[in-house]
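S.K.: Now for the letters of each chain:
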Amino acid sequence: MGFLDISNVTKSYGNIEVLHHVDIAVDEGEFLVLVGPSGCGKSTLLNMIAGLEDITSGGISIKGRVMNGVHPSKRNIAMVFQSYALYPNMTVGQNMTFGLEMHGVAKPERDKALADVAKLLQIEQLLDRKPGQLSGGQRQRVAMGRALVREPDVFLFDEPLSNLDAKLRVDMRTEIKKLHEKLKTTIVYVTHDQIEAMTLSTRIAVMNDGYVQQLGTPKEIYDTPSNLFVATFMGSPAMNILPAKVSMIEGVPHAEITNGAGQTASLRFSQANMADWAGKEVLLGIRPEALTDPEGADRKSRNIVTLQNAVDVIEPAGADTFVTTTLGDVAVIARMRADSDVASGQMFDFAVNMEKAVVFNPKTEKRIAP
Amino acid sequence: MAAATQDTAVSSGKITRVFIYLVLLLSALFYLLPFFVMVVNSLKPLDEITGGNMMALPQTWTIEPWLKAWSTAQIGVEATGLKPYFLNSILMVVPAVVISTGLGALNGYVLTKWRFRGDTILFGLLLFSCFIPFQIVLIPMATILGKIGLAGSIPGLVLVHVVYGVGFTTLYYRNYYASFPNELVRAAMIDGAGFFRIFWRIMLPVSGPITVVSVIWQFTNVWNDFLFGASFGGQTQPMTVALNNLVQSSTGVKEYNVHFAGAILAALPTLLVYIVAGRYFVRGLMAGSVKG
Ligand SMILES: Nc1ncnc2c1ncn2[C@@H]1O[C@H](COP(=O)(O)OP(=O)(O)OP(=O)(O)O)[C@@H](O)[C@H]1O
Ligand SMILES: [Mg+2]
Chain A
1 MGFLDISNVT KSYGNIEVLH HVDIAVDEGE FLVLVGPSGC GKSTLLNMIA
51 GLEDITSGGI SIKGRVMNGV HPSKRNIAMV FQSYALYPNM TVGQNMTFGL
101 EMHGVAKPER DKALADVAKL LQIEQLLDRK PGQLSGGQRQ RVAMGRALVR
151 EPDVFLFDEP LSNLDAKLRV DMRTEIKKLH EKLKTTIVYV THDQIEAMTL
201 STRIAVMNDG YVQQLGTPKE IYDTPSNLFV ATFMGSPAMN ILPAKVSMIE
251 GVPHAEITNG AGQTASLRFS QANMADWAGK EVLLGIRPEA LTDPEGADRK
301 SRNIVTLQNA VDVIEPAGAD TFVTTTLGDV AVIARMRADS DVASGQMFDF
351 AVNMEKAVVF NPKTEKRIAP
Chain B
1001 MAAATQDTAV SSGKITRVFI YLVLLLSALF YLLPFFVMVV NSLKPLDEIT
1051 GGNMMALPQT WTIEPWLKAW STAQIGVEAT GLKPYFLNSI LMVVPAVVIS
1101 TGLGALNGYV LTKWRFRGDT ILFGLLLFSC FIPFQIVLIP MATILGKIGL
1151 AGSIPGLVLV HVVYGVGFTT LYYRNYYASF PNELVRAAMI DGAGFFRIFW
1201 RIMLPVSGPI TVVSVIWQFT NVWNDFLFGA SFGGQTQPMT VALNNLVQSS
1251 TGVKEYNVHF AGAILAALPT LLVYIVAGRY FVRGLMAGSV KG
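Chains A and B are the protein sequences, given in the same order. Each residue of the first sequence is one higher than the one before, starting from 1 at the first, in this note's numbering. Each residue of the second sequence is one higher than the one before, starting from 1001 at the first, in this note's numbering.
One should not assume that every hint holds.
Unchecked claim - Below 20 Å or equal to it, Euclidean Cα-Cα: the simulated SDA-like pairs (lysine to any residue) are:
| hint | chain 1 | residue 1 | chain 2 | residue 2 |
| --- | --- | --- | --- | --- |
| 1 | A | 219 | A | 116 |
| 2 | A | 74 | B | 1235 |
| 3 | A | 219 | A | 366 |
| 4 | A | 130 | B | 1040 |
| 5 | A | 356 | A | 252 |
| 6 | B | 1254 | B | 1031 |
| 7 | B | 1147 | B | 1084 |
| 8 | A | 130 | B | 1209 |
| 9 | A | 178 | A | 215 |
| 10 | A | 130 | B | 1051 |
| 11 | A | 130 | B | 1181 |
| 12 | A | 130 | B | 1208 |
| 13 | A | 119 | A | 104 |
| 14 | B | 1254 | B | 1270 |
| 15 | B | 1254 | B | 1029 |
| 16 | B | 1254 | B | 1045 |
| 17 | A | 107 | B | 1152 |
| 18 | A | 74 | B | 1205 |
| 19 | A | 363 | A | 178 |
| 20 | A | 112 | A | 88 |
| 21 | A | 130 | B | 1254 |
| 22 | B | 1083 | B | 1244 |
| 23 | A | 74 | B | 1192 |
| 24 | A | 245 | A | 320 |
| 25 | A | 130 | B | 1180 |
| 26 | A | 178 | A | 116 |
| 27 | A | 130 | A | 175 |
| 28 | A | 74 | A | 90 |
| 29 | A | 363 | A | 316 |
| 30 | B | 1068 | B | 1040 |
| 31 | A | 130 | B | 1079 |
| 32 | A | 74 | B | 1264 |
| 33 | A | 107 | B | 1201 |
Said to hold, decoys possible - What follows is a list of derived Cβ distance ranges for each label pair:
| hint | chain 1 | residue 1 | chain 2 | residue 2 | range |
| --- | --- | --- | --- | --- | --- |
| 34 | A | 12 | B | 1206 | 52 to 60 Å |
| 35 | B | 1181 | A | 281 | 50 to 58 Å |
| 36 | B | 1144 | A | 57 | 25 to 33 Å |
| 37 | A | 88 | B | 1026 | 37 to 45 Å |
| 38 | A | 170 | B | 1115 | 16 to 24 Å |
Simulated from the structure, these hints should not be mistaken for lab results. Treat the numbers as computed from the prediction; the structure is a model and nothing was measured. Using N, Cα and C, we set each Cβ at its ideal position, and we do this for glycine too.
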C-alpha cells in the first residue's frame, strides 16, 4: 500500500471508457511523472486524484484515506495548472494565501507562510502585483508558490511548463527538481514531453490509449521498455526498430538483417534467451547512441559489432552528429561524435552496441529480451 | 505619371472624407435637433411657443415650466406634478435592475461553471423568453399578480420586470463567463472556496464590463417601459405613464413648455446612465462578443 494509491481505477464518459484499470502505488516523497501522447488520459487521471473528476470505478487513497467522493479541498492536495489559473483580480500575495484563508487559517499565520514561500521562490518583490503584470516565468513561480503555502500531502502538476519558451522551460525544470529534492513532498506530474519525464521523475508511468503501458524508473523505461510503444515514445531521436531474423551461428544466436546494399549482415546477440527464437522473425530495437562511429562506441561494452553501410544524410546538431542510414529496409538514425569523419553518400563503418539492443515480438509488440 | 495618379488618389480621398463628415454631421443633427427643440421650448413662456418659432431661442428665459412639470402640473386628476411618479419609477427601477442583474449573473455562472444535464435546454428556454412579445403575457401576468396579491403595486412591477429581464441578463453573463477559464474555478475549488465564495470572490470581481452592459440595458428598458406600467401600475404608476397623462390631459390649454420639460425629466435618468457608463457599455459588448 503506497502513500498515494491508485487501484484498479477506471474512467468513463458516457459509454466511452477513457481510462482502463489503472494501478499505481506511489511512495511518500516520490516524483511520479505521467507521460504519454495527447488524449491518452493523463489529465483525466490527475483530475481524479485531485477530485475534480468522479472516479467511475476503483479507488484512490492518500495516506491510507480513501478519497472517492471527498471534496478537492479536503484531500490536502495542491495543484498547479497548465494555464497557472491565477486569480486575475487578486495580488500575488492574495493569490497565494487564498487557500489558507478559505481553510480558516488566521492572518498572522498566513502572512508567515506567505513570507516563507516567497523567500523560497524568490518572489518577495512581486507580492503586491497583479498576475497581469507578471512575465510567464514569474506567473509559473507564483502558481507553484500558491501550491506550496498549503503544505499539501501531494502536489499535482498538469503540464506546468508547456506555456514557457524553450530556455525558461529548462530553467524551471531544474528548479522544480531542486525544490523536490529540498521539500521531499510527493509529486504527481503530467507532461507529454519525454525529456521532462526522464529528468524529473523518480518513476515514470508511460500511458497510451487509457492504459498504463509501463511503470518504472527512468532507467528501466529507457533501457528495458516493455513494448514497442514505450520504446519509440521515450527517447529522442526515437529508438530504431528494424526487422531481423534470429539465426544460430556456431551455437550462438545472431540477428540477421539486410544492409543498405541488400546483403545479409549478422549481429551477435548478447542475450542468451534469444536462442529460443532461432529461425523466427523479431524486431530489433537499437537506440541511436548504440549505433555510432567505432571511436565513439561504448568501451565497456563487450559486444560491439562493426557493420559497413552507406551514409544517406548527415545532420550536425552541435554536440552530436545524426547520421541516417538504411538497415533492414528502414531509415535508421545513428548518433555520432561531432568530429567523426562521416560524409554523406559514402560507405562508413557503423559500430552497433548489441549489449544495449532490445528485442520485441513482432506479433504482440512486447519485449522478449533483455 | 506616378505623381498624377497619387494626386488623384489624394483628391478623391479628400472628397470621400468630406462626404463622410457630411453624412456624420447630418446624422448628428438629425438626432440632436429634436432634443434641441425640447430644451429650447422648455425654457420659454408658453406664449412664445404658440405665437412664434419652435426653433428660436427664448426671448425671456424661464425655468417655470420645469418647476411646474416637476411639482404642480395636473397629472390625470391630481395636480401633483411628476415628482411622485419619478419616485415610483426609481423605487421600481432600482430593485428591478439589481435583482435581474444579480440573477442573470448567478444563472450565467451556473450555466457555464456548474454544468448539469439539460443545461443547454434550460438556457434555450431562458433565451426564448427574450422573444415573447409583451402583449401576449399581459393577461396571464395580471391574473398571477392578482393571485399573489401584488397587483397595482411597485413590487408587482418589479417582479414583472425581473421576470422579463432575466432572459437577457442571463444571456449576457452566460456568454461572458463562457470565456472565463474553468481552471480558475477548479483552482478555487481546490483552495476550498464553495459555490457562492467562488462566485463572489473570483467571478464577480472580473465581471465589471458585462455588469455595466446588463445594468444599462435593464435600466433603460425598465425605465422606458410604458405597457407594463400602464397595465399593472395601479395607483403607483411610473414616470412614463404619468408623462402620458400630463401630455394627454384635456383640461385647459396645452402647455407645451411644461410638456417638453416633463419629457426631458422622464428621459434624464437614462441619459445620465449613458453618459456615465456609455464607454464601458461599448467595451463590455466587445469583450463579450470577441472572447465568447
Ligand atoms: N468531458 C469529457 N467528455 C468526454 N470525453 C472526454 C472528456 N474529457 C476528456 N475526454 C476524453 O478523455 C480522453 C483523455 O483526455 P485527457 O484530457 O485526460 O488527455 P490528456 O492525456 O491530458 O491529453 P493532453 O496531453 O492533450 O492534455 C480524451 O480522449 C478525451 O477526448
Ligand atoms: Mg491534458
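S.K.: It remains to establish, for every hint, whether it holds in the given structure.
M.R.: Here is how each hint holds up against the structure:
Of the supplied pair hints, the one linking residue 219(A) and residue 116(A) is violated, its CA atoms being roughly 35 Å apart against a limit of 20 Å. Our distance criterion of 20 Å between C-alpha atoms is broken by residue 74(A) and residue 1235(B), whose separation comes to about 56 Å. Distance hint between residue 219(A) and residue 366(A) is fulfilled; the C-alpha atoms sit about 18 Å from each other, no more than 20 Å. Pair hint residue 130(A) plus residue 1040(B) does not hold up; C-alpha atoms about 50 Å apart against a cutoff of 20 Å.
At roughly 17 Å between alpha-carbon atoms, residue 356(A) and residue 252(A) fall within 20 Å of each other, so this suggested pair holds. A C-alpha spacing of about 25 Å is found between residue 1254(B) and residue 1031(B), which places the hinted pair above 20 Å, so the restraint is violated. Proximity of residue 1147(B) to residue 1084(B) is assessed by CA-CA distance (about 27 Å); at most 20 Å being required, the pair is judged violated. For the proposed pair residue 130(A) and residue 1209(B), the alpha carbon gap of about 19 Å is at most 20 Å, so the pair holds.
A hinted pair counts as satisfied when its Cα atoms are at most 20 Å apart, and residue 178(A) with residue 215(A) does not qualify at roughly 23 Å. A hinted pair counts as satisfied when its Cα atoms are at most 20 Å apart, and residue 130(A) with residue 1051(B) does not qualify at roughly 65 Å. A distance of roughly 17 Å separates the Cα atoms of residue 130(A) and residue 1181(B); the hinted pair therefore holds under the 20 Å criterion. Simply put, residue 130(A) and residue 1208(B) have alpha-carbon atoms about 17 Å apart, close enough for the 20 Å limit, and the pair holds.
Distance restraint check for residue 119(A) and residue 104(A): the Cα-Cα separation of roughly 23 Å exceeds the 20 Å cut-off, and the hinted pair is therefore not satisfied. Distance hint between residue 1254(B) and residue 1270(B) is unfulfilled; the C-alpha atoms sit about 26 Å from each other, more than 20 Å. Distance hint between residue 1254(B) and residue 1029(B) is unfulfilled; the C-alpha atoms sit about 27 Å from each other, more than 20 Å. The hinted pair formed by residue 1254(B) and residue 1045(B) meets the criterion: a straight-line CA distance of about 12 Å does not exceed 20 Å.
Note on residue 107(A) and residue 1152(B): the hinted pairing is violated, with a Cα-Cα distance of about 52 Å set against a maximum of 20 Å. Among the hinted pairs, residue 74(A) with residue 1205(B) is inconsistent with the structure: their alpha-carbon atoms are about 26 Å apart, more than 20 Å. For the proposed pair residue 363(A) and residue 178(A), the alpha carbon gap of about 43 Å is over 20 Å, so the pair is violated. For the hint pairing residue 112(A) with residue 88(A), the CA-to-CA distance comes to about 23 Å; that exceeds 20 Å, so the pair is violated.
Restraint check for residue 130(A) and residue 1254(B): not satisfied, since their Cα atoms lie roughly 61 Å apart, outside the 20 Å limit. Restraint check for residue 1083(B) and residue 1244(B): satisfied, since their Cα atoms lie roughly 14 Å apart, inside the 20 Å limit. The suggested pairing of residue 74(A) with residue 1192(B) holds, with an alpha-carbon distance near 8 Å, which does not exceed 20 Å. The hinted pair formed by residue 245(A) and residue 320(A) fails the criterion: a straight-line CA distance of about 31 Å is larger than 20 Å.
Of the supplied pair hints, the one linking residue 130(A) and residue 1180(B) holds, its CA atoms being roughly 17 Å apart against a limit of 20 Å. At roughly 17 Å between alpha-carbon atoms, residue 178(A) and residue 116(A) fall within 20 Å of each other, so this suggested pair holds. With a C-alpha separation of about 23 Å, the suggested pairing of residue 130(A) with residue 175(A) is violated against the 20 Å cut-off. Proximity of residue 74(A) to residue 90(A) is assessed by CA-CA distance (about 23 Å); at most 20 Å being required, the pair is judged violated.
Restraint check for residue 363(A) and residue 316(A): the C-alpha separation of about 36 Å exceeds 20 Å, so the hint is violated. With a C-alpha separation of about 16 Å, the suggested pair residue 1068(B) and residue 1040(B) falls inside the 20 Å cut-off, and the hint holds. As the CA atoms of residue 130(A) and residue 1079(B) are separated by approximately 57 Å, the hinted pair breaks the 20 Å bound. Pair hint residue 74(A) plus residue 1264(B) does not hold up; C-alpha atoms about 59 Å apart against a cutoff of 20 Å.
A distance of roughly 18 Å separates the Cα atoms of residue 107(A) and residue 1201(B); the hinted pair therefore holds under the 20 Å criterion. Between residue 12(A) and residue 1206(B) the Cβ separation comes to about 34 Å, which falls outside the hinted range of 52 to 60 Å. Distance hint for residue 1181(B) and residue 281(A): a CB-CB separation of about 51 Å, consistent with the stated range 50 to 58 Å. A hinted range of 25 to 33 Å is violated for the C-beta pair residue 1144(B) and residue 57(A), which are about 48 Å apart.
A hinted range of 37 to 45 Å holds for the C-beta pair residue 88(A) and residue 1026(B), which are about 44 Å apart. A hinted range of 16 to 24 Å is violated for the C-beta pair residue 170(A) and residue 1115(B), which are about 38 Å apart.
Hint compliance for this structure: hints 1, 2, 4, 6, 7, 9, 10, 13, 14, 15, 17, 18, 19, 20, 21, 24, 27, 28, 29, 31, 32, 34, 36, 38 are broken, all remaining hints hold.
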